[in-house]
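Given chain L's structure and the hints, the job is docking chain Z with the ligand onto it.
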Amino acid sequence: MLNIKCPYCGDRSQKEFAYGGDGTITRPKLNQEISDEEWDNFVYLRKSPRGKHIELWHHIAGCRQWFKVERDTTTHEIFRTFKPEE
Amino acid sequence: MSQNFRLNTGGLINRDKPIEFKFNGKKYIGYEGDTLASALLANGIHLIGRSFKYHRPRGFFGAGVDEPNAKMQVEINGCSEPNINATEIELVNGLSASSQNCWPSVNFDIGAINNFLNRFFPAGFYYKTFMWPKSFWYRVYEPFIRKAAGLGIASLEKDKERYEHKYEFCDLLVTGSGPAGLASAYAAAKNGAKVILAEDKPRYGGTLLTDDVTIDNLSGKDWSEKIISELKEMPNVIVKNRSQVFGYYDHNMMVMFERTGDHLEKKPKYTPRQRLWYIRAKEVLLSTGSIERPIVFGNNDTPGVFLSAAAKEYMKVYGVLIGKKPIIFTNNDSGYETAIEFKKNGVNPIVLDTREDQNSELINEAKDLDIKIKFSYAVIVAHGYKKVKSATIGKLNKEKIDFENTEQIDCDSICVSGFWTPTVHLASQSGNKLKFNDSIDAFVPDKSKQNEHSLGAANGTFTLQDTLKNSFNTGLEVSKSITKKEEKIQIPNTNERKYSAHDKFWCSPLPKGKNYKRFVDFQNDVAVSDIEVALREGYRSIEHVKRYTTLGMATDQGRTSNLNGLQLVANVEKKIVPQVGHTTFRPPFTPVTIGTIVGREIGKEYMPTRKTPMHHWHEKNNAVWVDAGAWKRPRYYKRGNENLFEASKREAKNVRDHVGVCDVTTLGKIDIKGPDAAEFLNRVYTNAWLKLPVGKARYGVMLREDGIVMDDGTTTRISENHYHMTTTTAQAANVLSHLEYYLQIVWPELNVNVVSTTEQWAGAAIAGPKSRDLLAKLFPKIDVSNEALPFMGYVEGDLFGVKARIFRISFSGELAYEINVESDFGLFMWEKIIDIGEEFNIQPYGTEALSTLRIEMGHVAGPELDGRTIPYDVSLEGLVSKKKDFIGKRSLAKEAFNKADRQKIVGLVPLDRKSSIPEGSHLVENKNAKLPNPKLGHVSSSCWSVENNNPFSLAILKDGKNMIGKKLFAVSPLKNTSIEVEVMSSHYVDHEGKRVRS
Ligand SMILES: [Zn+2]
Chain L
1 MLNIKCPYCG
11 DRSQKEFAYG
21 GDGTITRPKL
31 NQEISDEEWD
41 NFVYLRKSPR
51 GKHIELWHHI
61 AGCRQWFKVE
71 RDTTTHEIFR
81 TFKPEE
Chain Z
1 MSQNFRLNTG
11 GLINRDKPIE
21 FKFNGKKYIG
31 YEGDTLASAL
41 LANGIHLIGR
51 SFKYHRPRGF
61 FGAGVDEPNA
71 KMQVEINGCS
81 EPNINATEIE
91 LVNGLSASSQ
101 NCWPSVNFDI
111 GAINNFLNRF
121 FPAGFYYKTF
131 MWPKSFWYRV
141 YEPFIRKAAG
151 LGIASLEKDK
161 ERYEHKYEFC
171 DLLVTGSGPA
181 GLASAYAAAK
191 NGAKVILAED
201 KPRYGGTLLT
211 DDVTIDNLSG
221 KDWSEKIISE
231 LKEMPNVIVK
241 NRSQVFGYYD
251 HNMMVMFERT
261 GDHLEKKPKY
271 TPRQRLWYIR
281 AKEVLLSTGS
291 IERPIVFGNN
301 DTPGVFLSAA
311 AKEYMKVYGV
321 LIGKKPIIFT
331 NNDSGYETAI
341 EFKKNGVNPI
351 VLDTREDQNS
361 ELINEAKDLD
371 IKIKFSYAVI
381 VAHGYKKVKS
391 ATIGKLNKEK
401 IDFENTEQID
411 CDSICVSGFW
421 TPTVHLASQS
431 GNKLKFNDSI
441 DAFVPDKSKQ
451 NEHSLGAANG
461 TFTLQDTLKN
471 SFNTGLEVSK
481 SITKKEEKIQ
491 IPNTNERKYS
501 AHDKFWCSPL
511 PKGKNYKRFV
521 DFQNDVAVSD
531 IEVALREGYR
541 SIEHVKRYTT
551 LGMATDQGRT
561 SNLNGLQLVA
571 NVEKKIVPQV
581 GHTTFRPPFT
591 PVTIGTIVGR
601 EIGKEYMPTR
611 KTPMHHWHEK
621 NNAVWVDAGA
631 WKRPRYYKRG
641 NENLFEASKR
651 EAKNVRDHVG
661 VCDVTTLGKI
671 DIKGPDAAEF
681 LNRVYTNAWL
691 KLPVGKARYG
701 VMLREDGIVM
711 DDGTTTRISE
721 NHYHMTTTTA
731 QAANVLSHLE
741 YYLQIVWPEL
751 NVNVVSTTEQ
761 WAGAAIAGPK
771 SRDLLAKLFP
781 KIDVSNEALP
791 FMGYVEGDLF
801 GVKARIFRIS
811 FSGELAYEIN
821 VESDFGLFMW
831 EKIIDIGEEF
841 NIQPYGTEAL
851 STLRIEMGHV
861 AGPELDGRTI
871 PYDVSLEGLV
881 SKKKDFIGKR
891 SLAKEAFNKA
901 DRQKIVGLVP
911 LDRKSSIPEG
921 SHLVENKNAK
931 LPNPKLGHVS
941 SSCWSVENNN
951 PFSLAILKDG
961 KNMIGKKLFA
971 VSPLKNTSIE
981 VEVMSSHYVD
991 HEGKRVRS
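Respectively, the protein sequence lines represent chains L and Z. Heads up: the first sequence is residues 1 to 86, going by the working numbering. Heads up: the second sequence is residues 1 to 998, going by the working numbering.
In isolation and in its complexed conformation, chain L is listed as follows:
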């Protein structure tokens, strides 16, 4: 069970969080002209890197804030956690 440091609340058990997927994805702007391919990339395609990866997590049983976690997907080592605007 991971130990995740919520940037707002501090160290908490994984039990309090929900995983939110790839944290490197940017949603296309509203009303943006976009090809089918680009849109599909955004909706469906995710890399599943081995090693360092930035993920989104949601402190669902805590402050209910979404934030980012830089984590090694093989060792589960967490390098840093940060607010989305950082």
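Hints may contain errors.
[Stated by the list, open to error] Covered stretches of chain L, as calculated for chain Z (at least 3 residues, CB under 8 angstroms):
| # | region |
| --- | --- |
| 1 | 1-8 |
| 2 | 12-24 |
| 3 | 35-45 |
| 4 | 58-66 |
| 5 | 71-84 |
[Claimed, not checked] Listed below are the simulated DMTMM-like cross-link pairs for lysine to aspartate or glutamate, each with C-alpha atoms no more than 20 angstroms apart in a straight line:
| # | chain 1 | residue 1 | chain 2 | residue 2 |
| --- | --- | --- | --- | --- |
| 6 | Z | Lys884 | L | Glu70 |
| 7 | Z | Lys343 | Z | Asp368 |
| 8 | L | Lys29 | Z | Asp368 |
| 9 | L | Lys83 | Z | Glu749 |
[As the list claims (entries may be wrong)] Here are the computed distance ranges between Cβ atoms for each label pair:
| # | chain 1 | residue 1 | chain 2 | residue 2 | range |
| --- | --- | --- | --- | --- | --- |
| 10 | Z | Val755 | L | Arg46 | 27 to 33 angstroms |
| 11 | L | Asp11 | Z | Lys433 | 23 to 29 angstroms |
| 12 | L | Met1 | Z | Thr584 | 18 to 24 angstroms |
| 13 | Z | Glu787 | L | Glu86 | 52 to 58 angstroms |
Think of the hints as simulated: they come from the structure by calculation, not from any bench. Since the structure is predicted, the reported quantities are computational estimates derived from the model, not experimental observations. Heads up, the beta-carbon is just placed ideally off N, CA and C, and yes, glycines get one too.
Below, chain Z with the ligand without anything else, positioned relative to chain L:
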């Protein structure tokens, strides 16, 4: 029966407290402080079970977690449990144990014929024997394997015991209270760290209880007692015995299994039987010690063969002799400690040492005590079926691959010592790649991947002096970085005997022409020959050899078999052990009861139960419940002998004819505030939201980015910057997370806040032609006319002194209102509605009637919004704005979503107007078509239309738009039905939606 093998003095048991227990139906006496194993041995009982595969007689081999054989069915306080390790369970009054894997009795076991058929049970026999023919599997093989697989019998009774979970945090978790654990815990605790010290056994001290050493002129036992009592006094220390740390998980999450109840004769009412600890430790110190390695020889599984350290532990801790005529068979000095202990207790052992004669403190001491020693000797084979009676021994030749001469000597036990294997399971679980240490022929921890250190014997350090020095230092060093203190402790003086080098001898060769079974893994019955077969058949990877032979896969995790197995593979393959590698260690280190893992989360505590404020009213009025997530909702209110069908029909009909009331508290409610709230809703919902006036509600649909409908509901503008959103009961949590995601991650520039208010408001829907009359009586001061409070209108009112929100919205398709009050007044509101509604023939209705009403109106719900439908599919395309962008809009432009024959919701009525169509039925053109019959769609929701008095269903049908009027078959292979149906509009009642606006 008297305890013939109990020494007159000595041991740590309480001789003033005899304890009566039963084994295989017979009564025996032991003492308080005994294990079941030591008490049986005191009574001279060695034959305790039959082996797994060959049903060979088996006896005790170890004295703790190292024990591979002594798995028993144990009954305490009427609770029967299989596979209990007799060396680990403490004796209590009334304990009753019996042998497993034998029939009809341990003395006469029919399965033992397997032993004589053993050429039919080679390595991989499960894979080979039961492959063919296929038809034999259920009738012949499976019953055979089930019976033969034996082991214990799980109780069919409900477990009445209480189990608990506990969470703890500490600076240092120390696993094991031997010298390394005591020293490191003490040093860290003195330096101010918060320490948890966990000991698996009832007694603290580990090897200090059995080794002949002194620390600061105290015996090992006295020193450990002194340290423990000091630790117990310290407020920053938790000391736990009977507690096995069995799992090492991510980020130093350690899981510990504490046996809190079974050793108590009278367990206090709320004391759990066992407790599971989740411990998050900043640092973990692994002082798990080491386990003695057996030496492999012929019939080495005969009862009476022991690990030498176990024999010593039985004497020193329990005052029990495992034999009166023992052979000590050793390749190192440890065997001599056991021999000396025997001698001190008046028994004359004979030592067979595989090494040549040499000088060492222990050997010399043994010689001085006149202990008979034969150097360069080994046991070839043990004789005796149910108990060792004699042994053939031999003088090893120079290369130690054959014998120069052999002889048979009488004995009643054989104590083997093949040197020591560090217990590296937890270190390995932590991600530490082990390395092979040549000087001890075993794996030891390498670089740490998490915050852990292995100390003492667990790290391959076998002298007390080095262990204490390293452990005191590590305890200090590790705590220093946490507490920022540096309180040094004087490292004590020690006195111990020096060991001479051990011998790498691990397996007695077979004399020519002999093929004695030589076991490597006792619990899974894996012999040398089995592993040789696996290798001959081409298995190379140790992981494959393990699975093929089941070596090391038993509940003892190969604690006594792993290294000898690796050594054998290395020898055959002409490799060295590190090249063979080791198999993966996985939690749990020792078996853990399912009850402990489950803890208190059982039955109704399995998950929280959410009850609305009106719950008890429903209960009193014969509600039959249905689970909606964690919520309990009335499915229907039973009157007399009604069944579900009759009751829901009555309730639904009453809504259509008069007025009904439904508890809708469980709907998700989200409060939305902020200057950008309208803009936010406009992006979240598919329809337009910028122009919704204050005091009005609107129905909205939200999509996922992939264009699929996520949820629907109404949102009301309470004031300029304040909205009240409702979601379906099922999607409430997901919708909130979804909104938070967009506000926090995607559009943080929007000034909007959202919060769940589901539990803050109680809701009641009043529906039916009489609902306006009822509302007028509930709120006499409010103008409830159609003009003043039109469909989708909102007004705040005073319900007999309680502030209420009134929404004119409808799920039933009838004239309807929803009233919300603060939860505390929910029951008050409900009772007022029922009281005043009486004159209008009001009846409460449950979810079943609610479904009927919405289905015949063609309103979609969960079964239609099933994560596969876009707005068009469920006829909500009218709510999709062409002008503005919103979440998921771009996906709706995709080709597949715009095909002319796209699936669409339709209504279905059976041609016979009688047969109910099972939900989940497939729609096909021809019911007799060849399989696979092309599927055109499926039935999503079914009801009995109370309006038309016949069955009606909703379905998602390919090209549904153009199928109206067609006849199809709804087939359900599960229900074995095939019903001819007519396709029609999904709006079966009130096509134009007049009623809701009336
Ligand atoms: Zn937080």
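Status of each hint after checking the structure:
no. : hint                                   : result
1   : 1-8                                    : holds (count 3)
2   : 12-24                                  : holds (count 3)
3   : 35-45                                  : holds (count 5)
4   : 58-66                                  : holds (count 5)
5   : 71-84                                  : holds (count 4)
6   : Z:Lys884 x L:Glu70                     : violated (36 angstroms)
7   : Z:Lys343 x Z:Asp368                    : holds (11 angstroms)
8   : L:Lys29 x Z:Asp368                     : violated (91 angstroms)
9   : L:Lys83 x Z:Glu749                     : holds (15 angstroms)
10  : Z:Val755 x L:Arg46: 27 to 33 angstroms : holds (30 angstroms)
11  : L:Asp11 x Z:Lys433: 23 to 29 angstroms : holds (28 angstroms)
12  : L:Met1 x Z:Thr584: 18 to 24 angstroms  : holds (20 angstroms)
13  : Z:Glu787 x L:Glu86: 52 to 58 angstroms : holds (54 angstroms)
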